[in-house]
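Participant: In case you want the letters, here they are:
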Amino acid sequence: MISRRRFLGASAGAMLGGLAAAACSTAPGGGQAAGAKALRCWDHFQPREDLHKKLFADFQKSHGTAVDYTVYNPNQQGQALQLAFNSKQLPDVFTTAGVKLPQARLRKEGWIAPIQLEQKDLAAMPAEVFLNGFTHFDDKLYSLPLVNFRQYGTLTWYNAELAEKAGLDPEKDLATWDGFRAAAAKIEKAGGDGVSGWIAPLQFAERMGEHVSDLAMAAGGSGAVDPRTGEYSYATDPYVHAIEFLVSLKQDGLLFPASSSLDARTARARWSTGVAGLFFDGPWNIGVVNDQFKPFLDKVGVVAMPSAEAGKPVFVYAPPKAGDYCVAATSQHAEAAADLVKLFTTKEVMLAEAEQMDGMPVDLALVDQANVHPTYKTAAGIFRRQMRLRPAPEVRNPAVSEVTAEMKQIEPDLGAIVQGVLSGQVKDARKALTEYDGKLTAERARAVKAVAAKGTKVTLDDWAFANWVPGQDYGRDKYKTS
Amino acid sequence: MAATVVSEAPAERRTGRNGRDPKGGKGPRLGRNRRWVWLFLTPTIVLYGVYTVYPILASYWYSFVEWNGFDADKTWVGLANYRAVLADPLFWNSFRITILFMVAVVPLKVLLTLLLALVLNSPKLPMRTLFRTAFFLPVVTTTAIVGVVMQFVFDPASGPVNVLLRKFGVVADGINFLGDPKTALWTVVGVYIWKWFGVTLIYWLAALQTVPDEVYEAAAIDGAGPWRLLRHVTLPLLKPFVVIITLLTLESTLKVFDLMLTMTNGGPFYATEVVEIYIYRWAFAASVPQLGFASAAAVAFGLFVGLVGVLQLLGIRAARKTRSAR
Numbered sequence: 276m277i278s279r280r281r282f283l284g285a286s287a288g289a290m291l292g293g294l295a296a297a298a299c300s301t302a303p304g305g306g307q308a309a310g311a312k313a314l315r316c317w318d319h320f321q322p323r324e325d326l327h328k329k330l331f332a333d334f335q336k337s338h339g340t341a342v343d344y345t346v347y348n349p350n351q352q353g354q355a356l357q358l359a360f361n362s363k364q365l366p367d368v369f370t371t372a373g374v375k376l377p378q379a380r381l382r383k384e385g386w387i388a389p390i391q392l393e394q395k396d397l398a399a400m401p402a403e404v405f406l407n408g409f410t411h412f413d414d415k416l417y418s419l420p421l422v423n424f425r426q427y428g429t430l431t432w433y434n435a436e437l438a439e440k441a442g443l444d445p446e447k448d449l450a451t452w453d454g455f456r457a458a459a460a461k462i463e464k465a466g467g468d469g470v471s472g473w474i475a476p477l478q479f480a481e482r483m484g485e486h487v488s489d490l491a492m493a494a495g496g497s498g499a500v501d502p503r504t505g506e507y508s509y510a511t512d513p514y515v516h517a518i519e520f521l522v523s524l525k526q527d528g529l530l531f532p533a534s535s536s537l538d539a540r541t542a543r544a545r546w547s548t549g550v551a552g553l554f555f556d557g558p559w560n561i562g563v564v565n566d567q568f569k570p571f572l573d574k575v576g577v578v579a580m581p582s583a584e585a586g587k588p589v590f591v592y593a594p595p596k597a598g599d600y601c602v603a604a605t606s607q608h609a610e611a612a613a614d615l616v617k618l619f620t621t622k623e624v625m626l627a628e629a630e631q632m633d634g635m636p637v638d639l640a641l642v643d644q645a646n647v648h649p650t651y652k653t654a655a656g657i658f659r660r661q662m663r664l665r666p667a668p669e670v671r672n673p674a675v676s677e678v679t680a681e682m683k684q685i686e687p688d689l690g691a692i693v694q695g696v697l698s699g700q701v702k703d704a705r706k707a708l709t710e711y712d713g714k715l716t717a718e719r720a721r722a723v724k725a726v727a728a729k730g731t732k733v734t735l736d737d738w739a740f741a742n743w744v745p746g747q748d749y750g751r752d753k754y755k756t757s
Numbered sequence: 275m276a277a278t279v280v281s282e283a284p285a286e287r288r289t290g291r292n293g294r295d296p297k298g299g300k301g302p303r304l305g306r307n308r309r310w311v312w313l314f315l316t317p318t319i320v321l322y323g324v325y326t327v328y329p330i331l332a333s334y335w336y337s338f339v340e341w342n343g344f345d346a347d348k349t350w351v352g353l354a355n356y357r358a359v360l361a362d363p364l365f366w367n368s369f370r371i372t373i374l375f376m377v378a379v380v381p382l383k384v385l386l387t388l389l390l391a392l393v394l395n396s397p398k399l400p401m402r403t404l405f406r407t408a409f410f411l412p413v414v415t416t417t418a419i420v421g422v423v424m425q426f427v428f429d430p431a432s433g434p435v436n437v438l439l440r441k442f443g444v445v446a447d448g449i450n451f452l453g454d455p456k457t458a459l460w461t462v463v464g465v466y467i468w469k470w471f472g473v474t475l476i477y478w479l480a481a482l483q484t485v486p487d488e489v490y491e492a493a494a495i496d497g498a499g500p501w502r503l504l505r506h507v508t509l510p511l512l513k514p515f516v517v518i519i520t521l522l523t524l525e526s527t528l529k530v531f532d533l534m535l536t537m538t539n540g541g542p543f544y545a546t547e548v549v550e551i552y553i554y555r556w557a558f559a560a561s562v563p564q565l566g567f568a569s570a571a572a573v574a575f576g577l578f579v580g581l582v583g584v585l586q587l588l589g590i591r592a593a594r595k596t597r598s599a600r
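Top to bottom, those sequences are chains W and F.
Be aware that the first sequence starts at 276, since it is given in our numbering, and climbs by one per residue.
Be aware that the second sequence starts at 275, since it is given in our numbering, and climbs by one per residue.
Isolated chain F, as found in the complex:
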């Protein structure tokens, strides 16, 4: 255990050459180093404070006031905005769509990327790096551009998807993928999975690198074929990562604003309006913006995301425990 090692270390190692405790930072070199560390950290801390912490705190404050963003004065209304948000059926509609989106994306994305990672991890596969790069490429493409391009790709009149479907006789008329409430959400689900496929794929590939080669070799000597290797070696050793990767994917699906806005703008008739678009609509796109109301919705949703974050934390801890027990 680390604590034991420290207690058994020679006295000079623990106290430093000048006899002072290095943790106390009294040594001149360490002290200087720490000053540099803090100097380099300062911009990040200040910027994070100004652009992340401050807006979060401000949104909590705004959620208790009535303010349209145009007036100079804000009126304190207590919990009225929260009551209004929770009583709005369109908020719950957007919440339902957000959850539906999450439930549809997470299993598909986690499973598909795992399957592909297993293939791409095989040393027998030629041009592995090329394939990995190709699958990661959409991740580094600007989401808004992807959204706009996808509008053309799924265009019912002249989009390549419909042209192909018509050419092969699958449909007589073009399918209105993004304009039909029955297909719009699922089309975005598909595009989202494709767009962010590479991230989850990298997680799995990283996880696969933790499986020691010796275990595979030992299993192979024992006569295990590829299927048995997968079932009895790879998958059991990947178990701790399933929790982490699933939770990371789950949390990331709550951030779909840019893609949804550019592909469907939340429509048709709120059919793809996730909570983020609901907040944006009230804060900026309403005829008279309701920043207090929108902030209350944002805080309520933020608490939900926070809950997912707590689950993530617990999941990661559980996974670590499983790994260390292994």
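Only chain W is shown next, with the shape it has when bound in the complex:
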């Protein structure tokens, strides 16, 4: 008879042995699906799911390799990748949605490997989308971009039926903050009971922060960090005024009452039922409406986000974009994975991608040729006119990525502050933003010091670009003279 003590000891031993065995498992193939020949692919492109399934089915026919494909909600994908990496089960091909670490850090930590594609394989893609420090490291391709940096998530989408009822000329009446406010009031009045002027995803603090950042640039701001000085600029007038603009909409009673409980998806769903006239969202909005709310499709219109002052040109600055599809460093089928990624480099597939009306394609010119809703073409035109490439310190000094990865999140962040101001819990937006600036500045200084202590050459001056000119793209040539 085994004694209780001995049994417990044996159980503990077995358990530890099992755990040790599990920890030592290398899950060959970066977590290949059973059957070993299948590639695993995870992405977050829900509107493109059907297209990707078809492409992967064709890939299986032509290459004899099946693709186990999973589409994630971006937030959940970050958690799934985190768990997959730690259990050595990364999929062969994946997007890094939900993983906020720079790809430079992911590369260093052994997440991603060079994609085995040659220069000629990328010939159909615009050269400007590739950049060392973002898509490339040491001139090797680490991630293939599918989405253009020339897009923002604060286009003004309007219910054309309600706008017509209110007698609006959207191009003109929604061009400025004051106009937007007056138009929202007219829509509310014309729409009658149960119709609000504006609906917003207040529960999705991060998105609200993006809206404010975009609106601040529409008021002459240059983004979260002033490229000229490298200083954080949340506490500047453009940000404060952008928040005040949103607060004015709420004070006027124009905000859809349930907005505080809505995220981007639920806000879009409610907007498409006609309960509100105006909604800020990115170009993908029309793709989702087309997929999920088809009866509403003909009632949708879009114009650029409103600016603070009439007649002043609006420029929105975005940094270069890292690529989307990466190949896992642990993949045992790197060649097959590269072949899979290669599918997305052809003009035909890029055109088909554009027709899903998700994020803007890397080649904006394709939108004109694509069979898409007119609003998607309008959005592409707006982005061509308003979007500008901002300088990225990572390009000039790759060590900046180390600092970004070292920095800890500061709470409350911009999104939370916007949420707090709109709910009345933050009384003084400028004070809250000044505190946020101060904490960010201190945290960056600490991170720079920590990274520099490891022998890496990085200073706060890396964030400043004296040769940056507002309203212009900061192309590759500019880094040479910065």
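None of these hints come from the bench; they were simulated from the model.
Among the hints, a few may not be true.
To be verified - In the DSS-like style, the derived pairs of lysine-lysine whose C-alpha atoms are separated by at most 25 Å in a straight line are:
1. Lys415(W) <-> Lys375(W)
2. Lys706(W) <-> Lys456(F)
3. Lys441(F) <-> Lys464(W)
4. Lys732(W) <-> Lys348(F)
5. Lys441(F) <-> Lys456(F)
6. Lys348(F) <-> Lys683(W)
As the list claims (entries may be wrong) - Using C-beta positions, here's what the derived DEER-type ranges look like:
7. Lys456(F) <-> Lys622(W): 51 to 59 Å
8. Leu374(F) <-> Gly586(W): 48 to 56 Å
9. Phe426(F) <-> Asp453(W): 31 to 39 Å
We put the CB at the ideal spot given by N, CA and C, even for glycine.
Assemble the complex: chain W is given as a structure, and chain F must be docked to it using the hints.
Facilitator: Then chain F, alone, in the frame of chain W:
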């Protein structure tokens, strides 16, 4: 006393038929039985070890390292995470909200369920079983689903609660129950009490079954009416259970993560962010997760829950003593 009974038992009963001590497990049947017992216990022990004990121990380890979950390496930082957690005003905000939630829920839930249990325990009440089932039904409903449904129920634009309030002229505009920091926490308190009402109700009903019928009969013969029966018979005999039920309810209110996340996500602006959501935010929802920091918060909160558990243990012991002295 049990010890006396054993010492007075016949020798063969104490030693077993073959003369061996059954407690020693030497008898073939008992030995076989024990092997089965351990065999059936093994899966539970292993699973409990892997899914409960190991994560707890791991979280203690993580609380001493700096790790974002994406890097392969973890850096030992000693007590730095604990210092950072204790210096974070948002941690104390979430701690305050957790305690506030507990203080609001426990008395309400314990009292309301006691009142209802007294009614449902009455033999004169028709369809008692149906009512008991109805009150228990929310308990077996998935909490996340309840949270999502409640968002619609309390929707300021078209939710049934606001529709009724407007219809009866109570308010002109809808109340933003979940979006207003003044009402959000209390709305979740109400839903939580409703959702878990059945559990505490069952505790009380079980407690009421321990009151002997003879005592009621004797009191009735002495001329006691319903109020006197309640005041002088039922409530005094329920006293030991008050401690146990209150402590069980108190501990359960510390686990409100799923309902709070689905109803308010901790907002607006941290107004309903209980400690569990604070931990979740840093571990999974932060732009760069801070698993070490989140683990330190979890361990600190775990120690607090442990303290409540110790109180519970002491309470139960005190209650047992009171019962055995009765």
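Participant: Against the structure, test the hints numbered earlier, and report the numbers of the ones violated in rising order.
Facilitator: Checked against the structure, no hint fails, so every one of them is satisfied.
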